[in-house]
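Full structure from sequences and hints, please.
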Amino acid sequence: MARTNVVLDDNLVAQCQAVTGIPTRRSLIDHALQELLRHERQKTVLELKGQIDWHGDLSAWRKGRHTS
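Per our numbering, the very first residue in the sequence shown carries number 217; after that it's consecutive.
Incorrect hints may appear among the rest.
Stated by the list, open to error - Derived lysine to any residue pairs resembling SDA-like cross-links, with alpha carbons at most 20 Å apart:
| no. | residue 1 | residue 2 |
| --- | --- | --- |
| 1 | Lys265 | His255 |
| 2 | Lys265 | Arg254 |
| 3 | Lys259 | Leu249 |
| 4 | Lys259 | Trp277 |
| 5 | Lys259 | Ala248 |
As the list claims (entries may be wrong) - With beta-carbon atoms standing in for the labels, derived distance ranges:
| no. | residue 1 | residue 2 | range |
| --- | --- | --- | --- |
| 6 | Asp273 | Gln231 | 41 to 51 Å |
| 7 | Asn227 | Leu249 | 46 to 56 Å |
| 8 | Arg281 | Gln258 | 19 to 29 Å |
In short, the hints are calculated from the structure, not lab data.
Backbone N, C-alpha and C fix where the C-beta goes; we use that ideal spot for every residue, glycine too.
See below:
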């Protein structure tokens, strides 16, 4: 784990903490970095839209799924 000193906008941090309920700056930054990675990975998956040719029976595939 690395240690880094950064200057943060106190108002922005307070707003983000209020919205997320995340109590510490460290946890808030960790959360923000994880969300950035999730977002970037999601973009990569969305770029595949229309490029994958799937053949199958969607109704049969869904029969085994449980509904909550």
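Lysine 259 paired with leucine 249 [C-alpha distance capped at 20 Å]: 16 Å, holds
Distance restraint between lysine 265 and arginine 254, which requires alpha-carbon spacing of 20 Å or less: Roughly 17 Å separates the two Cα atoms, so the pair holds.
Taken at face value, is the distance from the CA of histidine 255 to the CA of lysine 265 at most 20 Å? With Cα atoms ~16 Å apart, lysine 265 and histidine 255 stay inside 20 Å; holds.
Pair hint outcome, lysine 259 versus tryptophan 277 [Cα-Cα no greater than 20 Å]: Violated. Lysine 259 to tryptophan 277 sits at ~26 Å, over the 20 Å cutoff.
Between asparagine 227 and leucine 249, is the Cβ distance one that fits in 46 to 56 Å? 20 Å, violated
Tell me if the beta carbons of aspartate 273 and glutamine 231 are separated by a distance inside 41 to 51 Å. 48 Å, holds
Given pair status - alanine 248, lysine 259, alpha carbons within 20 Å: 17 Å, holds
Using the Cβ atoms, figure out if arginine 281 sits within 19 to 29 Å of glutamine 258. Check passed, 22 Å falls within 19 to 29 Å.
The structure is inconsistent with the numbered hints 4, 7, although it conforms to all the rest.
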